[in-house]
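Protein chains: 4
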Amino acid sequence: MTTSAKRAPVRIGVVGLGRLGKRHAMNIAYRVPGAVLAAACSPVDEERTWAREALPEPRIYEEYEALLADRDIDAVWLVTPSSLHAEQIVAALRAGKHVFCEKPLSLDVAECERVLAVAREYPHLQATIGFMRRFDPSYVDAYEKMAAGAIGRPFMIRSQTTDKNDPEGFFVRFAPTSGGIFLDCTVHDIDVARWFFGNARATRVYATGTIALHEGLRECGDVDNGVAVVEFEGGRLAVFYASRTMAHGNDTHSEVIGTAGALAIGHYPRANRVDIYDADGIRNECTPTFFERFEEAFLREAQAFVESVRQRRQKAQVQAGGANLPHDDAQIGATLADALEATRIGRALREALASGQPIAL
Amino acid sequence: MTTSAKRAPVRIGVVGLGRLGKRHAMNIAYRVPGAVLAAACSPVDEERTWAREALPEPRIYEEYEALLADRDIDAVWLVTPSSLHAEQIVAALRAGKHVFCEKPLSLDVAECERVLAVAREYPHLQATIGFMRRFDPSYVDAYEKMAAGAIGRPFMIRSQTTDKNDPEGFFVRFAPTSGGIFLDCTVHDIDVARWFFGNARATRVYATGTIALHEGLRECGDVDNGVAVVEFEGGRLAVFYASRTMAHGNDTHSEVIGTAGALAIGHYPRANRVDIYDADGIRNECTPTFFERFEEAFLREAQAFVESVRQRRQKAQVQAGGANLPHDDAQIGATLADALEATRIGRALREALASGQPIAL
Amino acid sequence: MTTSAKRAPVRIGVVGLGRLGKRHAMNIAYRVPGAVLAAACSPVDEERTWAREALPEPRIYEEYEALLADRDIDAVWLVTPSSLHAEQIVAALRAGKHVFCEKPLSLDVAECERVLAVAREYPHLQATIGFMRRFDPSYVDAYEKMAAGAIGRPFMIRSQTTDKNDPEGFFVRFAPTSGGIFLDCTVHDIDVARWFFGNARATRVYATGTIALHEGLRECGDVDNGVAVVEFEGGRLAVFYASRTMAHGNDTHSEVIGTAGALAIGHYPRANRVDIYDADGIRNECTPTFFERFEEAFLREAQAFVESVRQRRQKAQVQAGGANLPHDDAQIGATLADALEATRIGRALREALASGQPIAL
Amino acid sequence: MTTSAKRAPVRIGVVGLGRLGKRHAMNIAYRVPGAVLAAACSPVDEERTWAREALPEPRIYEEYEALLADRDIDAVWLVTPSSLHAEQIVAALRAGKHVFCEKPLSLDVAECERVLAVAREYPHLQATIGFMRRFDPSYVDAYEKMAAGAIGRPFMIRSQTTDKNDPEGFFVRFAPTSGGIFLDCTVHDIDVARWFFGNARATRVYATGTIALHEGLRECGDVDNGVAVVEFEGGRLAVFYASRTMAHGNDTHSEVIGTAGALAIGHYPRANRVDIYDADGIRNECTPTFFERFEEAFLREAQAFVESVRQRRQKAQVQAGGANLPHDDAQIGATLADALEATRIGRALREALASGQPIAL
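Residue numbers (UniProt numbering), protein chains in the order written: chain X, 1 to 361; chain C, 1 to 361; chain Z, 1 to 361; chain B, 1 to 361.
Don't read these hints as lab results, they were simulated from the structure.
Model, not experiment: these values are computed from the prediction.
Hints should not be assumed to be uniformly reliable.
No copy labels: a pair is met if it fits in one copy or bridges any two.
Said to hold, decoys possible - Within a straight-line C-alpha distance of at most 16 angstroms, the following computed EDC-like cross-link-like pairs (lysine to aspartate or glutamate) qualify:
1. Lys22 - Glu47
2. Lys164 - Asp280
3. Lys145 - Asp280
4. Lys145 - Glu255
5. Lys103 - Glu215
6. Lys145 - Asp278
7. Lys22 - Glu53
8. Lys145 - Glu46
9. Lys315 - Glu215
Looking at chain X on its own, in the form it has when it is part of the complex (with noise of 0.2 angstroms):
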């Protein structure tokens, strides 16, 4: 951090400013050293107003492309509905800027597809979907670990994705356009299979799931708890669960296992270091969403963005020089192809759920 403290700064562009957008806009803002929040984008008042109040300065606008015109603008940070993530990163990339944004690329393969040709174009351009637990210190940890052969070769992977159920199902109302819940939930922990797995290929796939709660999810064929079964070449296997309706809070949490040990992330999903003795026993609270589970990788994600664009400005300045760079290939998250092979994995899960057979890949 020492250097690159002094190099220019990276202005971004929020686009976006719902719970989560904002979140990313105050990280942004806030905690990332080299970044300007620049400016802000949404259509909606009360997200405009918020950020004239809360952000230091930036430049807010109602479009997207007007954003997008902005000269001084160096990358934009999508927290867009899932729909338009396609076609908003084309635009951005298209405009010169780099980008970020939220996952999924998008819930078609074809339309990933697309993208990720377009991304060819414009191979300066740094492009990450949000693929937070990749930043998550405890997920990096196990993975270094294990990358340093402390459980010898890994061959299982064991993760769940599961929410504090919302009484109110908000949810239900998001399940026709959210992909179901195994491209909405286990997309994550198909990623962290990917990356554990060193990229390996998925190769069959086979999911079941039912509905514990709510019933208002039959009409669009999904479920409120679903379990997938991915095989993946090498005799890798990975088993995963996804579920809404959990009573004690988020509960995210993964296992590596391997020839000689296993790693767990987040076996038990505390919410701090406080233990609670009472007359019911000893308790702990539980993290309540996602949110407070993944702050510190949110903002590791961030970071690490706004480092890779600089470096890849620095390497742009000295490349007749062939000066001899620290290279960040492996800390810049989730790629468009990683994305990509998500959502291949996660339409093969739904397409199994709905006819109850396996599906090749």
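Position chains C, Z and B relative to chain X; hints supplied.
Positioned in the frame of chain X, the structure of chains C, Z and B alone reads:
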């Protein structure tokens, strides 16, 4: 226990004195009120010698038939090779003995059904298959909490049976007759799921697996790590994991998830209450094998069997009087019918593993 | 256990059949190989009635002297009021009986010394005071790890004995004769410290305390929460905590800290292996009383006592032959000398509490 | 945070850029909304060079007096040797600067009192001593639960500060000026106890200790493991433990025990959410130093200080209007008076250690 201790003891003959057989024999001999270890039977010289020295004055038999002919024996306790279970149970019943038999009843569904048919002729005889988790204090506590409504409606079970890797691969030599990992290991998890789901019928299963270390399993179509998904009527799901290759010990745990909470049994397989603080951090040693994990369960299983036989006698004596006896049917463990269903599901998993297709039941 | 099971049993008379006495009697009757529960003695009608029904054919005595006169009794097992222990032990030894006695030996140091003087006349008789933690599997495991050098040189013990609050304050009525919180509760922690510190001598003690809930203790100078610091020779320290007012259960734990690591025993007093997930978080129920926490320790204590008596007999029989018998001195629990030292330290703590000054020993 | 971000920033000069000073500087520079790292001061060349490279355009000073003369600096942030704290705070106040100072205020009670006397002349200036646990999210959560009545009436605190052993014994060289283990380490636990006990007055203290590894401490009367008991008015007790010799890491934890429950903070000092399963069992790595343990606390401490300064300004601006501003006095950390009391208790512990006698306060 107060009154039962005065009643005539149950005279038991243990058959098979391998490692597990010796443990059963010691429990019956010294730790089960109301039981008398009256006889021990083994074709192995060393085992009979052990019985003479370690057990309190049992009659020693080399042949099972001779033990069955002993009029002083009330019950037989079978800890013999799986392939003998069915015929030995039938012979015991025909000889008028109550019978406890280690799992499995049989690896063959039709054979299981034949034993059930015979047993129906002897309704006054107790016949129990040794799914010992039904007697583990933690499993029982979780079951009772669930039954009392603590977690709402249970709709999902996750359960695993994993063993510390045996570098000598004893189980590889045993593989051709073990029935494979699902019939040998997962059968316990199947029984847990059926027990917690109130004997719900399984409707469809899927399975896959991999060989992490023991290539010798390949020729008999077995794996050393297997994953299974079982759907039960009423939208209930179970996910099972079995492994022969854990580094840290026997790690048997189960979770039951309901609409208002969840219960986990044995999440961390710590061996005891000791935490070790050293330069590597803080650690717990783990239960090395299922013996240590289920020591108490094996004992309570034996106590419950003996108590059940004594209550049957008492009922028989007072049958005319219509006395109000405590009925303990929920406490006597897995019936022959439970064992049949476990085998039926286990065989379907084996078929699913071989075919790569879900199997309807 | 193999060979011992063939030797003549130890015939035991249990004296005192209150709540703890009943447990000891049931263990001896049904779970200790080589023991026969030959007699039971109580001045209380209800307790003798219980003995007739629950125990296997014991002779029933109302008077201790009558039991001592019974030539068929090899050993007495005293679970009587503390004030009777010293004279009952002496009488047992003079009657030629081995003796197990619940703690404390006596609240009076001089009286402890008189019992030791008598016991020296009967070196062939086993005399054990019931500091059951010495038989708890977790304490034993930690002790063995420490003895094997796992934590370097141990120099500090922290240990606590805390009970779930009894709103009816039974112990308040018991306070005038209990000796106070340090002699009643902390005495177990004192014994743990002495055991782990290899019988090091205590040199100075300090204590303080408070009344959190039970004002009735004030008139006898007692507290319901007490803290003690004990210095041992060689620069070793112990810190103790005792409480009568815990909300969550019996929380007995100990730590031994060394120059290369530490060991904690019972840090979380979870009742079993069940985790409960609900809207309040994740919790464990706790061991409600010391009975549940030390159930296994009480049993192993009895087994060790019986085994020790049998080995003493065997030694006596082969004394001329010089046979190489296993010596089990480390396994037979707290001696009368250990109990004397525990009382000596406990009394000093009581004096420190009363005076507000450290007491040199 | 919304409105505060629009107000004029607080311009801070950090003084002292050792390991902890660098961390504070980076927090202020990049992670505290509303703060500007305006200046950095150090007599050490290397540290000033670091400041030039790592920090965003601060003015660099070699001498503290020069920084105080800088009219653009609103507040100073002292991370200097303890012996300088008192005079530097006084000089800052006299120069009209708000001041944050790392603990301790001073090792000398009279000197603490002199600083308080000066501070009383500048009531409009914020003066905070860095007891960062008051900002740790887990400590804050426990405090709030206690304050809300979750554990009834709190009557006992147990708290410890233990460091991973430094085989090179840096702190031994530091011992002659550190004030000894209680003033250097336990002072944090003292502050926790006073905070949780609502600033109750300590009435009597006792202490003892031992040298486990670092014999070099003996000549200055210090120990590497110390134990302290502090009695507070109202029958409240605290027990403290400090160690320099832990094998597993920095293990800082605290418990507050009440009449209806207890709260523990940091019982297991796990470094993150990773569990490691291998042939040694299941383990967690631990926080190596207080930096990792209290990283978030240091940040929130700085954020709270800055927010407090801004609110003071706002109050000053609206003083005539009587506007209803949020008052945040409970959130701005330890005052000079808190630091004085911590020193008073710490010195009494030192005296108790030296004399072997309890010390009345």
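Practice task
Go through the copies and call it for Lys145 and Glu46: within, between, both or neither, with a Cα cutoff of 16 angstroms.
Solution key: neither (45 angstroms within a copy, 34 angstroms between copies)
Problem - Within, between, both or neither, where Lys22 and Glu53 count as close if Cα-Cα is 16 angstroms or less - result: Intra 12 angstroms, inter 31 angstroms, cutoff 16 angstroms: intra-copy only.
Practice task
Classify it for me, Lys164 with Asp280: is the Cα-Cα distance of at most 16 angstroms met within a copy, between copies, both or neither?
Solution key: between (21 angstroms within a copy, 12 angstroms between copies)
Handout entry: Up to 16 angstroms CA-CA - Asp278 versus Lys145, copy category
Key = Cα proximity of Lys145 and Asp278: across copies only (12 angstroms, versus 37 angstroms in one copy).
Practice task
Have a look at Lys145 and Glu255 and pick one of within, between, both or neither, based on CA distance no larger than 16 angstroms.
Solution key: Within. Shortest intra-copy distance 13 angstroms satisfies the 16 angstroms Cα cut-off; inter-copy 28 angstroms does not.
Practice task
Have a look at Lys315 and Glu215 and pick one of within, between, both or neither, based on CA distance no larger than 16 angstroms.
Solution key: neither (54 angstroms within a copy, 48 angstroms between copies)
Practice task
If the cutoff is 16 angstroms on CA atoms, where do Lys22 and Glu47 land: within, between, both or neither? Let me know, please.
Solution key: Only inside one copy: Lys22 and Glu47 sit 8 angstroms apart there, 37 angstroms across copies, limit 16 angstroms.
Practice task
State whether the alpha carbon distance between Lys103 and Glu215 is at most 16 angstroms within one copy, between copies, both, or neither.
Solution key: neither (26 angstroms within a copy, 40 angstroms between copies)
Problem - Up to 16 angstroms CA-CA - Asp280 versus Lys145, copy category - result: between (37 angstroms within a copy, 14 angstroms between copies)
Going down the numbered hints, you'll see the structure goes against 5, 8, 9, while the others check out.
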